[in-house]
Amino acid sequence: MPAPAPAPAPDGPHLLACDLDQTLIFARKSFRLVSGTAEPEVTLVERIDGVPSAYSTTRALDILARLHRTAVFVPVTTRTLAQYRRIDLGVRPAFAIAANGGHLLVDGEPDPAWAEQVAARLTGTCAPLAEMEALAARLDAAGWARIVRVADGLFVYLVAHSREAIPDLSDVAAEVASAGWSLSTQGRKVYLVPTALTKQAAVAEVARRAGASRVLAAGDSVLDAPMLAAADLAVRPAHGELHEQGWQAPNLTVTTATGLLAAEELLTLLHTWSTSHPEPAR
-18 MPAPAPAPAP
-8 DGPHLLACDL
2 DQTLIFARKS
12 FRLVSGTAEP
22 EVTLVERIDG
32 VPSAYSTTRA
42 LDILARLHRT
52 AVFVPVTTRT
62 LAQYRRIDLG
72 VRPAFAIAAN
82 GGHLLVDGEP
92 DPAWAEQVAA
102 RLTGTCAPLA
112 EMEALAARLD
122 AAGWARIVRV
132 ADGLFVYLVA
142 HSREAIPDLS
152 DVAAEVASAG
162 WSLSTQGRKV
172 YLVPTALTKQ
182 AAVAEVARRA
192 GASRVLAAGD
202 SVLDAPMLAA
212 ADLAVRPAHG
222 ELHEQGWQAP
232 NLTVTTATGL
242 LAAEELLTLL
252 HTWSTSHPEP
262 AR
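So that you can map any letter, position 25 of the sequence shown is 6 in our numbering, and since no number is skipped, the others follow by simple counting.
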């Protein structure tokens, strides 16, 4: 285990922990532009097998580039390592977090010491992965799932044929919770993730290593909630899983825009916070 870091200096860097999908980057079907609004200039940030997959506005990426020069920008995602590596935001962050905190990347490469810490934390705190694989197979047998995947040996997710096809999973969520796991639905995806595997734990480790004086965070899903709640200041878009649940926190700001334009708004807010040194809203 690494030795505790000294308390960060008051003038230490700000850390910006930011979710990717549905927070910074979007498939075309998720642009959520208000009817009559002209599509802004967009930049392709991901291809899958050569096919365009995800975009951000050019303005959002310009703001992000400025943030990257003045603060510690940390992409934080539930994507697997391979899925994360498909994304090009035009910057090369010193740190990144993938697989919901399972991977802590330093200069683009996973830190093996962090992986050992994660494995130790999960041991004995939740049912084995094999049990969730069996549960996912049971759900798949109902016919609504198109894909079932194990993500980097850490958690399981299912992709439904459509969001509407996903049945009421309340009973399943209770079963999963009793096993030390959590269930989260994001669009057409249903995630089964150990409760001890969190983005926030990895963000806290990056903040320790970077000597960050303040943590700012952005995200849209239930899996982002601990990270948002722990941040000094946080923002979420006016769409997504947390918005549907009406999730709030004392340190939280909600964008007025949705989709692509929400990304611009939240990045502008993060830039303002990181340069004006506001007091935490607690």
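These are computed hints drawn from the structure, not numbers from a lab.
One thing to keep in mind: the hints can contain errors.
The list that follows gives simulated cross-link-like pairs (lysine to aspartate or glutamate, DMTMM-like), each with its CA atoms no further than 25 Å apart [claimed, not checked]:
no. : residue 1 : residue 2
1   : K10       : E22
2   : K170      : E145
3   : K170      : E156
4   : K170      : D152
The calculated label-pair distances, taken between Cβ atoms and stated as ranges, are [said to hold, decoys possible]:
no. : residue 1 : residue 2 : range
5   : G89       : T176      : 26 to 32 Å
6   : D121      : P231      : 36 to 42 Å
7   : G89       : S257      : 26 to 32 Å
Each residue gets a CB set at the ideal place from its N, CA and C atoms; glycine is no exception.
Going through the hints against the structure:
1. K10 with E22: Holds, because 16 Å separates the two Cα atoms, which is no more than 25 Å.
2. K170 with E145: 11 Å, holds
3. K170 with E156: It holds: about 18 Å lies between the C-alpha atoms, which stays within 25 Å.
4. K170 with D152: Answer holds: K170 to D152 is near 17 Å, not above 25 Å.
5. G89 with T176: 26 to 32 Å: Hint holds: Cβ distance 28 Å, inside 26 to 32 Å.
6. D121 with P231: 36 to 42 Å: Hint holds: Cβ distance 40 Å, inside 36 to 42 Å.
7. G89 with S257: 26 to 32 Å: 31 Å, holds
This entry satisfies every hint, going by the numbered hints stated previously.
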